[in-house]
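Protein chains in written order, with the numbering used here: chain A, 1 to 188; chain B, 1 to 301.
Derived by calculation from the structure, the hints in this document are not laboratory data.
There may be inaccurate statements among the hints.
To be verified - Derived DSS-like pairs: lysine-lysine, alpha-carbon spacing no greater than 30 Å straight-line:
1) A:Lys21 - B:Lys175
2) B:Lys125 - A:Lys112
3) A:Lys106 - A:Lys21
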Amino acid sequence: MEKNICQVYEAEIQALEEEIKVLTEKYEEIQQEYTSFSDEEILKSIKLFQREILGENKGYKSPSNLIFQLENLETDLLFLMKFTGFQFTSHSKKTLERTGNRTVQKNRLSGKCHSLSFQLEFQLTKMQENVSSVITDLKIMMESEEGSDVSKFVSRAEECRSLLKFFRSISSYAEWHEHRRNTFLHFK
Amino acid sequence: MEPGKEGLAPPSWRKQEEGKGDKPYGVLAYLEMLETQAHQEAVEQEKREQQKEKLAMLKARVRKLRLQRDKLREKVDLQEKQQPGKEGVVPDPAHPIAPRDVVEWRIRNLQALLQLFYLTGISGKPTRRGVCFSLSTAYEGTYLDSYHLELCTNPQVQILRHSIPVFIPLEQISKKYLQTDIRRFLSLLSDHLNAYAGRRHQAEQLEEHFSDQIEGALQRNSLYNLLIFNYNIPRNAQTFPFQARLLYGDPCCSLPTEVTVSCTPDAPASLVETAASHSEMFRCVALHKAFQSFNPLDVTS
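Generate coordinates for the entire structure from the input sequences, incorporating the hints supplied.
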């Protein structure tokens, strides 16, 4: 009899923990999507936060590993942007569906590769936590002339939803474009 | 022996008693039985108390989680009511956002941006010794396996570790570009890997969705640039009149450069014609998509 009550409690605990996880994710996601802070605000907050932890550090392990984490992430991102030439200027994602193993997210991304700007909208379906992702529905907005190389690979990429191919193509095109521009300037 | 019964010695002991005929043995056995009884009762009592404790703990945890969940629900409801406009959440002077929350927001923001690089095909992270790169592969909209390379940059650029399959000409590509142009090196490697992943994906899709049209298994090499198989159309026919041989001469391409589709020698002219048209098709359409077009009523993912 008591075992049954135990099991009932344990089942409820599991259900509650799951619900809390989902609610937290939902809250953080909306918070993430609708808030944005300028670079100055971020820098200011970092300084304030550092002062806070210095103040309250009473010998126990201080949460300055948050600052450590932040700095690492900034360094990693800076490296990638410099190395690949890709800069993402704005990004927003919204979860459209979350069932069991599957999550469908709508993403809006704008950025540039060297000097070429682009705007993307795509739906990303993830199964089993990033083991496999599928792009469904891809829209690419890029300034280009009709019939140019750029408009060709843009429409081909949209047709086949080949996001990766789009990024690779735009990367080589932008580099070639950059190289050509530099050569031209050199000879001016 | 049942504890709790009145201290009657069980028959077996009485036998012993009878055998010995002395009272002292009987008494000892009796005392032993009482001791065992008391011990067992103590053990049961402890079990019951542990159970009570456990139950109380579970109850308390449920109460705490319910509270947490209710608070979160309130927060989310409030969020939905607020319906922030385009400019974002209007800062409420009465509830300024704590610096810690801003820091956490920025951390999540950065993590999401870093994850996006995975979608671009080339991603990486500086390490103590150099850089660790991740090359992701995809076929159209489906992301497939990703491969990793750890490079050290001192004194020269060197590959420390990698997960590139052995049939990809890594050494050849490194010899050519690793020291002079890392970006080109990675780009070329990505092309090789993506083409391989694309060819493999097509073959796997073919085996997954059209296995009944293929005789046995696809014959192929590790690089998936040579495929040989016998097949038929329509489905469930008894024989496999067509033999296909696809050679993918360009390692950076996921379409074949040479296709031969032949028929059994006694095949009627119509089949021979079909074989020729298939040959053309396999050269310009992905393998699994070609088979899909042979079976227009089937739907594959």
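Going down the list of hints, with the structure as the test:
no., hint, verdict
1, A:Lys21 - B:Lys175, "violated (49 Å)"
2, B:Lys125 - A:Lys112, "holds (20 Å)"
3, A:Lys106 - A:Lys21, "holds (21 Å)"
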